[in-house]
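Peer 1: Residue-level listing of the chains:
2 protein chains.
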Amino acid sequence: MSAPLPAAVRIREVGPRDGLQAEAPIAVADRAKLIEVLVDAGVREIEAAAFVSPKAVPSMAGAGDVLALIQRRPGVSYLALVPNRRGAELALAAGVDGLSVTVSASEGYSQKNVRMSVSESAQEAGAIAILVGGRVPIDAVVSCAFGSPYEGDIAARKVASLGQRLLDGGATSVTYADTTGMATPRRIAELLEVTGPQVGLHLHETRGTALVNAYAALQAGVTRFDTSIGGLGGSPFAAGSAGNLATEDLVHLLDDLEVRTGIDLERLLAAGRLATGLVGHDMPSRVAAAGPRSRLAIS
Amino acid sequence: MSAPLPAAVRIREVGPRDGLQAEAPIAVADRAKLIEVLVDAGVREIEAAAFVSPKAVPSMAGAGDVLALIQRRPGVSYLALVPNRRGAELALAAGVDGLSVTVSASEGYSQKNVRMSVSESAQEAGAIAILVGGRVPIDAVVSCAFGSPYEGDIAARKVASLGQRLLDGGATSVTYADTTGMATPRRIAELLEVTGPQVGLHLHETRGTALVNAYAALQAGVTRFDTSIGGLGGSPFAAGSAGNLATEDLVHLLDDLEVRTGIDLERLLAAGRLATGLVGHDMPSRVAAAGPRSRLAIS
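Chains Z and P, in that order, give the protein sequences. Position one of the first sequence corresponds to residue 1 (my numbering), numbered consecutively onward. Position one of the second sequence corresponds to residue 300 (my numbering), numbered consecutively onward.
No wet-lab data here; the hints were simulated from the structure. Keep in mind that a hint or two might mislead.
What the simulated footprint calls covered on chain P by chain Z, stretch by stretch (three residues with Cβ under 8 Å from a Cβ of chain Z suffice, anywhere in the stretch; the number is not a length) [said to hold, decoys possible]: (1) 481–492; (2) 500–512; (3) 542–553; (4) 580–591.
What you are looking at is a predicted structure, and each value in this text was computed from that prediction instead of being measured. Every residue gets a Cβ at the ideal spot worked out from N, C-alpha and C, and that includes glycine.
Please work from the sequences and hints to get the whole structure.
Peer 2: In C-alpha cells form, the structure reads like this:
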C-alpha cells in the first residue's frame, strides 16, 4: 500500500532519565539495576541520567554514582541529558558515551522552562558542543517541535531551521520532541518533508497519538525513536497527562510489523515489572497491562 | 507519501450500547439523554440499545423504553444490537433504524460466549435476516476478526469468508471487530487485501493500537468506524483492559487530517463529560483528559 517500512529501528530508552525524573527519588542502586535489566533485554542506547541541579530535580541526584555503578556492556551507549556546560563536564567525567541537550522550538515554552530565549538556548547548546570538542556525540533535542501550548503550531520550516542551527553549532544529530502531545501524522509529515527521515523522534502519549505518529514516521523512513519503559514520564493518570511512548508498546508493534529492534519483548516486560515496583504505581503501557497479542488464553 | 485519505468517514457511536453494557445500570432517561446529546454533537449513526435478556445484561434493560423516549432526529440512524430473533422482533417493534448481529470468527470464543459454534451462530444471523425481511439494514459484526485469545491469529481468508457468508445470508454490511485488541496494522492490511475497503471496523484499545489501526485502515480506504464516547466499554483500567476506540480520540485525529466526520469535537467532549458523570468514573479517552491540541494555554 505504501513504501516498505525500514528493516530495523534504533530505540533510545529514556525511562531511567526522562521517566524517573518525574517520580519520587529512587535509590542509585535501583536506578543502576533498572538500566542493566533494560540492557539485558536488548536496549542498546539508554539515557541513564541527567546531570542537573539535584535541588531542582531531586530524583536525578547521584547521576555520577549511577553511571559508576552500572556494569557497562560493550556495544551499549550510556547517555546523559545535560542542561549546560557544567552538566556536560560532570557527564564527561562520569564517562558517558553521549549527551542530549534540549532546546525548545517555542519561545513561550523556552522562557517558561529555562528562562532563556530560543536563541540563547541554542547558543548554550553550541557552547556545550565546543566544550565537548567531539569526544562524544551530542544529540540535540528540539522540544515542542509539533506545537506549543503557548503559540500553537510552529511552522515546520522554523522547527527544522532550529534543528539545522543546532547541527551547525556542533550537534551530531537532532531529535524532534512532541513535548506537549500535539503531534499528529499530518504534523509529522510536514516536518519530515523539510528535514528528511534522518532524525530522531521523541513522542508523547498525551492525546493518545504516540503510536500512530510513530507509525506515520516509520512509513516516511524514520528509524530513530525515543521510548520510555512502561511509558514512564509526566503524570500519565492526571488530567493533561503527558506520558512518553512506552517502549513495550512500540516494540510490540514493531515486532508484529517485522521491523527489528534487537529488543526481546518478554525480557522488556520483565524490566517494566521491575520499574513498576520501583516507582510504586501502575504504568500507562497498554501492552504491559494486557500482555502481548501472542500470549493466548489457557483454555 | 501514500494514497490520499478518504475525504469523509462514517462513525457509528456505540457508547450507549457497547459502552454502557459494561457499566452498572443507568436510568433509561439518562441513557436517552446521552444519545440525544451525542446526536446534537453530530453523530448520525448510534447504537442506542441491545435487546438482550435483562437478566443476563441488567444495564441494557429497558431497551424499548430508551428508544421510545429519544426525540428522534431526521437523518439519524438509531440502531440496536440483537443476539437472536426474539431480540430482533422487540427491536423492530421499538422502531429501530437498523440492527447489529454478532458472529465470532473464533470457535473457542463463540463456544465460550454464546455456546454455539461459528456455523450455528452464522445460521442464527441468517434466521434474523429472514425475520427482518429487508425492513431495516443489518450489520453483521464479525468478532475476533484479528485474532483470538484461544486460537491466536485467524487466517484473513477464513475471516473474510465468514463475512461473505453473512452477506450471503442477508446481512447488509459487515463490520470486523478487534474484540480482544489483537489487531495491528499488518493484520488490518492482510484482511483488507481480501475484503477490500468496503467494510466497517470496530477497534479496541487493549494494546494501545486502536488509533494506529484506524489510521492504517484509513490509508487503505476504509470509511466506516465504530467508536465509543470516552472509550467506554470493557474495563479499561483493569489489567487486560479492553476499551473501545474513543470517539473523541478518532474525531480529534480525523479533524487534524481534514477527514470529515460531521461531528463537532467540542460538543462531543461535552457529551463525554455527561457520560463520565453518568458512569461515575474517569474514562480512557486521552483527548477527553488532555483537551484537543488546539486548546492553548492561557499565558
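Peer 1: Each of the hints needs a verdict: does it hold here or not?
Peer 2: Quick rundown of the hints versus the structure:
Counting residues of the segment 481–492 of chain P whose beta carbon lies closer than 8 Å to any beta carbon of chain Z gives 6, which meets the minimum of three for the stated coverage. With 7 residues carrying a beta carbon less than 8 Å from a beta carbon of chain Z, the segment 500–512 of chain P meets the three-residue requirement, and the given coverage holds. Figure legend: the segment 542–553 of chain P, annotated as covered by chain Z; annotation consistent (4 residues with Cβ-Cβ distances under 8 Å, at least 3 required). Only when three residues or more bring their CB closer than 8 Å to a CB of chain Z does the claim for the segment 580–591 of chain P stand; here the count is 7, and the claim holds.
Every hint from the earlier list agrees with this structure, and none is contradicted.
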